[in-house]
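Take the given structure of chain A and dock chain B to it, following the hints.
2 protein chains.
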Amino acid sequence: MADKEVRLFGMWASPFTKRVEWALKLKGIEYEYVNESIPFSKSEELLRLNPVTKKIPVLVHNGKPLAESLVIIEYIDETWKEGYSIMPKDPYDLAQARFWAKFADDKGTMSLLHVFSKEGEVQQKAVEEAREVFKTLEQALEGKKFFGGDCINYLDLAIGWYAFWLPIIEETVNVSMVDDANAPLLKAWFGRFLEVDVIKSILPPRDKTSEMSKIRRNQLLSNMP
Amino acid sequence: MADKEVRLFGMWASPFTKRVEWALKLKGIEYEYVNESIPFSKSEELLRLNPVTKKIPVLVHNGKPLAESLVIIEYIDETWKEGYSIMPKDPYDLAQARFWAKFADDKGTMSLLHVFSKEGEVQQKAVEEAREVFKTLEQALEGKKFFGGDCINYLDLAIGWYAFWLPIIEETVNVSMVDDANAPLLKAWFGRFLEVDVIKSILPPRDKTSEMSKIRRNQLLSNMP
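In order, the protein sequence lines correspond to chains A and B. If you read the first sequence in our numbering, its first letter stands for residue 1, the second for the next number, and so on. If you read the second sequence in our numbering, its first letter stands for residue 1, the second for the next number, and so on.
Where hints are given, some of them may not hold.
From the structure, some residues in chain A lie toward chain B, with a derived Cβ separation under 10 angstroms [unchecked claim]:
1) Thr53
2) His61
3) Lys64
4) Glu74
5) Gly143
6) Ser176
Heads up, incomplete: computed chain B residues facing chain A, CB under 7 angstroms, no partners named [unchecked claim]:
7) Ala67
8) Val71
9) Tyr75
10) Thr79
11) Tyr92
12) Ala95
13) Arg98
14) Val173
15) Ser176
It should be emphasised that the hints constitute simulated quantities derived from the structure, not laboratory data. Beta carbons are placed, not taken as given, at the ideal position from N, Cα and C, and that holds for glycine.
Isolated chain A (complex conformation) (with noise of 0.2 angstroms):
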């Protein structure tokens, strides 16, 4: 049986897997789409594809895999050149969101990680890290509709899943982050971003992923791999 053009290893709840996958659907890409059972176990499939990282998501293209999220989309916006245009074609622009994008990346997901898997102190410092760093981020978005401008683009996407993942983190652990007293213009955009009709079709089921932020919550304060 012939291997599918477009494969996407991934993991339902994973926001990194579904920043790929909105930027295929953007672009109309048929895809297969294999599902990992992370963090418990990892296919020998998806070893082999990405032996550098063992990370999803992993794209492969005929037969040949990619890695890392940020680079599926350029390579994707490269390849299939046709239909939506998913980085800025002014290469000034194109920096900035790479810029931001990279930013984000560095300072908020790092924070982030703190915040979901300590207490205390420590927990403490990452909050206010975070809100530091959305309420910077933000600036990126001032007199915009969407990072991209009237439509949605990169840096959107790479960033779309604060949007969805966000409140469930801030839920999960009871502080609040982006809110209309520290990042109005970004709490605005969540909204608006979670309306965009790609978007809101590729989103894992709230309650499920409400759930296992919560089990996966009491798994990293126990230890757990």
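Using the frame of chain A, we list chain B on its own:
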């Protein structure tokens, strides 16, 4: 007095500044270099140009600032399309180069920071991690003269700083990470990379860098900023 078209804010011994200088030089772009006295002070102009991360290097092109060395390199290649081609043309090769550059920055640079700034068990663990990273990284070099193939390109520039700075770090902390036993291909590439004219012409003085490395290590061990 009118600003030069291209200005680069950097620090003379900063590997990330050198990345950008190499790219500018490969393209034959003239620029004004502004040295910052990091880590002891940052100019008001730098803080105005990069208020988000406050880090060098910052490239200013026609008055517009750009930060993050790898983002700047992509911008340079996309803006000055003529001359030396820095980014791979094939989307898959490009994605692979971006993947490895990210892997090196996420894993290698982080390990090296601990090798350089810690002692005892923490340092030893970081040395082992770094050795593993370098061993993995040289997979991307198999059968090739440079990471870019016959000529240097993006990935060579991204990890090129290891070729000059890693032996200095090894010497400063008295450990070996890239050697014939662990990463022979990478070690041989160190020599070839440093022999490329453009690279060689933009390196800080070896003795001064080595001396500064020892001073900096002692500062970090004493918890100086």
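### Query
Checking against the hints above, which ones are violated?
5, 6, 14, 15
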